[in-house]
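Peer 1: With chain C held as given, fit chain P onto it using these hints.
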Amino acid sequence: MSRIHIEAASKRFDKVTAVDQVTLDIEHGEFLVLLGPSGCGKSTLLRAIAGLTPLTEGRITLGDKDITHTPPRDRDLAMVFQSYALYPHLSVARNIGFPLRARRRPKAEIREKVEQVARTLDLSALLDRRPRELSGGQRQRVALGRALVRDPGAFLMDEPLSNLDAKLRTATRAELSELHRRLGSTFVYVTHDQVEAMTMATRIALLNGGKLEQVGSPTEVYDRPASAFVAGFLGSPAMNLLDARVVSREGRLHAVAEDVDVALDITGELSDQDSQDVVLGIRPEHLRIGGAHPGLRGVVRLVENLGSEELAHVVVGDARVCLRGSRPLDLATGDAVTLSAAPQHIHLFHRESGKRLVWRDESPTANRAAVELDYSAP
Amino acid sequence: MLMEITGPPKAPPVTAERPSPLRRVLRGAPPYLYLAPGLALLVIWTYRPLTQTAELSFHSWNLLPTTPMVPVGFANYERLLDLPDLGQATLRTLVVILGLLPFSVLIPVVVGLLSRQVRGRGKAVYQAMVFAPMLVAPVASAAVWRWLLDPGGGAVNRVLGIDLNWLYETGSAQFSIIVITGWHILGFAVLVVSAGLAGISGDYGDAASLDGASRWQITRWITLPLLSPTLVFLTLMTVLLSAQWTFPLIDTLTQGGPADSTTNVYYLLWDYSFHSYDAGLGAAAGMLLFAGFGIIAAGLVWLAERLSFHDN
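Protein sequences, first through last, are from chains C and P.
Residues 0 to 377 (numbering that gives the first Met the number 0) make up the first sequence, in order.
Residues 0 to 311 (numbering that gives the first Met the number 0) make up the second sequence, in order.
To be clear, the hints were calculated from the coordinates, so they are not data collected in a lab.
Here the structure is a predicted model, which is why all the values come from computation and not from measurement.
Any given hint could turn out to be false.
[Said to hold, decoys possible] Not close to chain P: a few residues of chain C, all C-beta gaps over 10 Å, as computed:
id	residue
1	7
2	28
3	50
4	56
5	57
6	63
7	78
8	107
9	163
10	171
11	216
12	266
13	317
14	319
15	344
[Claimed, not checked] Calculated cross-link-like contacts (lysine to any residue; reagent style SDA-like; alpha-carbon spacing at most 20 Å):
id	chain 1	residue 1	chain 2	residue 2
16	C	210	C	349
17	C	14	P	219
18	C	210	C	106
19	C	14	C	210
20	C	354	C	263
21	C	354	C	217
22	C	166	C	194
23	C	106	C	90
24	C	210	C	353
25	C	210	C	58
26	C	106	P	292
27	C	106	P	109
28	C	166	C	137
29	P	122	C	28
30	C	106	P	119
31	C	14	C	52
32	C	14	P	213
33	P	122	P	109
Backbone N, C-alpha and C define an ideal beta-carbon position, used for all residues, glycine too.
Pulled out of the complex, with its shape left as it was, chain C reads as follows (with noise of 0.2 Å):
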């Protein structure tokens, strides 16, 4: 069993926190991605899992062991490195058998595991090759075969797919998948990239400046953002997110701004000094041209044709939203466009700390609005 659980872990340079009291639980055959934009924590809260970066607070365990201050090459994990750190003057063959070599296992294993590893990595024909003479393609897939030639505890990946072209990231994404399906085991994956986090990922944890932000399969993180950072960071483009404030109004509550008037589906009494500043979210997909009770006005600033679908920069009171619809969508820079969103599809934040706001229903007797809208997470 390869369960990783990190316990409140911190890892601070001088000023610096780099990783802020992390707790995550990393379940066996899990596919973990650690996501985040660059210097939010995410390589080097892997680093301290691999145990290349010691923490200075908190605890690792792997399966039952504490390895929190066990050296890097006790931990049974095989990391891939960003780099690939392929050995220059060692052949393929060489680098892929460099784990068992430096385990002291017999010549005649190490070529009989290396053809193998070579042969699922269809690498066989390369493996007498040093690595300035392959491709970034082959190179990565060197680096993947050392980690896979022993049968380490968990897999650690450090953005391993950011080195190589578009169309063959594509690729690598599917075999990544792919090999994660047969082997059954646990990886953690480092990257910036969401579509990789989306695509690859059975869960998905989110930081921010050292903070986990959210946990959650690719559907939850995507559909029930926990925080306005998290809903900004993921999508593409992100979710458009507008001051707004949240009133009753014959006894439903809607979120109003210059040019904005959402009815939510919530039904509720606010009175008007417990109207309260939220921060409003839509995804640029949910957004609709025109309709019934059409909660948004504004005029069309530019519309991006992507080939299979077009986006509209729409200007919105002193806000900027963004509209995702397939081609054609009928709009032209300068026309004035209504748009509506299905309440479900309706998100909001607090506005200070930008977690989630849901409604608590209470009974219409205890006067509370305010605190009603509270932010614990769903």
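Peer 2: Chain P in isolation, oriented as in the chain C frame:
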């Protein structure tokens, strides 16, 4: 009927007007102008003396401007090869090179590997301390070492509790020259090794440690092979420059003695020219050295090329 669509229209070939020849020359000139000062210095200080030496090696001359140079053909070379001096000096040069290799390669590698643990400000202080002997003028250090090695009350004899006349006995004189020169160049070599180690991406060591290699295995299988271009460079420097590095010490401490036991090839050719005033013989020795070291250097450069790994 189905028809192929027409592609973008093709234009007839067009030739752009070429600038005038003068303009082209002026535009091409800057790289050569940048090279010119360096080339001029090289010609004045290296190639011109080299050709003059080659010319001198076929003449007999006693360095006096009033005495004419007498052409003697290959006589200087014949004398040089007949005399036992050159062979013996070459052998001694070989001893010096072998004696200096531990100081220029072996110890620096050990120090470089161990001192990787030193970080921050400590590292700079440490490297400055190791490098300091390089900054002491050889003649000044020779004076200090002569005093330290004094057979009467020198510190070395007192510490070792022996009574050895270091600089005036055949075996110990050569040994002293080697150790003092080694002490001089050690800091420089450590600095070169540290730079070489810093140039090796930390990812290799990290990857190897996750692959299960011990620290010793990482050093032997990863670090040292990747450091080999640096080591070949240091070996090359030692082979080519040992005789020159030792020269100021030999000249101030032993003058090639006792009984020629510290006379290496450089000291020998200097001795021919400026002690015996046989400039032709000195020039001939210089030309032979130039050819010999040239071949060795070419071999080592070829080896360095073969050993360098271009990663990424």
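Peer 1: Work down the list of hints and note, for each, if the structure agrees.
Peer 2: Now the hints, each set against the structure:
1. Against chain P, the non-interface label of residue 7 of chain C holds: every CB pair exceeds 10 Å, the least being about 24 Å.
2. Non-interface status of residue 28 of chain C relative to chain P is upheld: no Cβ of that chain comes within 10 Å, the nearest being about 21 Å off.
3. The claim that residue 50 of chain C lies off the interface is violated: its Cβ sits roughly 8 Å from the closest Cβ of chain P, which falls inside the 10 Å cut-off.
4. Against the 10 Å criterion, residue 56 of chain C stays outside the reach of chain P, whose nearest CB is about 22 Å from its own CB.
5. The beta carbon of residue 57 of chain C sits about 20 Å from the closest Cβ of chain P, which is more than 10 Å, so the claim that it is off the interface holds.
6. The beta carbon of residue 63 of chain C sits about 21 Å from the closest Cβ of chain P, which is more than 10 Å, so the claim that it is off the interface holds.
7. Some Cβ of chain P comes within 10 Å of the Cβ of residue 78 of chain C; the nearest lies about 5 Å off, and the non-interface call is violated.
8. Against chain P, the non-interface label of residue 107 of chain C holds: every CB pair exceeds 10 Å, the least being about 19 Å.
9. With a least beta-carbon separation of about 14 Å from chain P, residue 163 of chain C lies farther than 10 Å from that chain, consistent with its non-interface assignment.
10. Listed as outside the interface, residue 171 of chain C is consistent with that label: its C-beta sits roughly 19 Å from the nearest C-beta of chain P, beyond the 10 Å cut-off.
11. The Cβ of residue 216 of chain C lies farther than 10 Å from every Cβ of chain P, with a closest approach of about 29 Å, so its non-interface assignment holds.
12. For residue 266 of chain C, the condition that its CB be more than 10 Å from all CB atoms of chain P holds, with the nearest at approximately 56 Å.
13. With a least CB separation of 44 Å from chain P, residue 317 of chain C remains clear of the 10 Å interface cut-off, as annotated.
14. Taking the minimum C-beta to C-beta distance to chain P, about 37 Å, the non-interface status of residue 319 of chain C holds against the 10 Å cut.
15. Remark: the non-interface label on residue 344 of chain C is consistent with the geometry, its nearest Cβ contact in chain P lying 42 Å away (cut-off 10 Å).
16. In summary, the hint linking residue 210 of chain C to residue 349 of chain C is supported, as the alpha carbons are separated by about 18 Å, within the 20 Å threshold.
17. For the suggested pair residue 14 of chain C and residue 219 of chain P, the alpha carbons sit about 36 Å apart, so the restraint of at most 20 Å is broken.
18. Among the hinted pairs, residue 210 of chain C with residue 106 of chain C is inconsistent with the structure: their alpha-carbon atoms are about 46 Å apart, more than 20 Å.
19. With a C-alpha separation of about 16 Å, the suggested pair residue 14 of chain C and residue 210 of chain C falls inside the 20 Å cut-off, and the hint holds.
20. A distance of roughly 18 Å separates the Cα atoms of residue 354 of chain C and residue 263 of chain C; the hinted pair therefore holds under the 20 Å criterion.
21. Our distance criterion of 20 Å between C-alpha atoms is met by residue 354 of chain C and residue 217 of chain C, whose separation comes to about 18 Å.
22. Restraint check: the Cα-Cα separation between residue 166 of chain C and residue 194 of chain C comes to about 13 Å, which is no more than 20 Å; the hinted pair holds.
23. For the suggested pair residue 106 of chain C and residue 90 of chain C, the alpha carbons sit about 15 Å apart, so the restraint of at most 20 Å is met.
24. A threshold of 20 Å between alpha carbons decides the hint, and for residue 210 of chain C with residue 353 of chain C the separation of about 14 Å falls inside it, so the pair holds.
25. Under the criterion of a C-alpha separation no larger than 20 Å, the hint pairing residue 210 of chain C with residue 58 of chain C is consistent with the structure, at around 16 Å.
26. With a C-alpha separation of about 43 Å, the suggested pair residue 106 of chain C and residue 292 of chain P falls outside the 20 Å cut-off, and the hint is violated.
27. For the suggested pair residue 106 of chain C and residue 109 of chain P, the alpha carbons sit about 30 Å apart, so the restraint of at most 20 Å is broken.
28. Taking the CA atoms of residue 166 of chain C and residue 137 of chain C, the gap is about 14 Å. The hint holds against a cut of 20 Å.
29. The suggested pairing of residue 122 of chain P with residue 28 of chain C is violated, with an alpha-carbon distance near 45 Å, which exceeds 20 Å.
30. For the proposed pair residue 106 of chain C and residue 119 of chain P, the alpha carbon gap of about 43 Å is over 20 Å, so the pair is violated.
31. Our distance criterion of 20 Å between C-alpha atoms is met by residue 14 of chain C and residue 52 of chain C, whose separation comes to about 16 Å.
32. Of the pairs offered as hints, the one joining residue 14 of chain C and residue 213 of chain P is violated, with about 32 Å between alpha carbons and a cut-off of 20 Å exceeded.
33. In summary, the hint linking residue 122 of chain P to residue 109 of chain P is supported, as the alpha carbons are separated by about 16 Å, within the 20 Å threshold.
The structure shown violates the earlier hints numbered 3, 7, 17, 18, 26, 27, 29, 30, 32.
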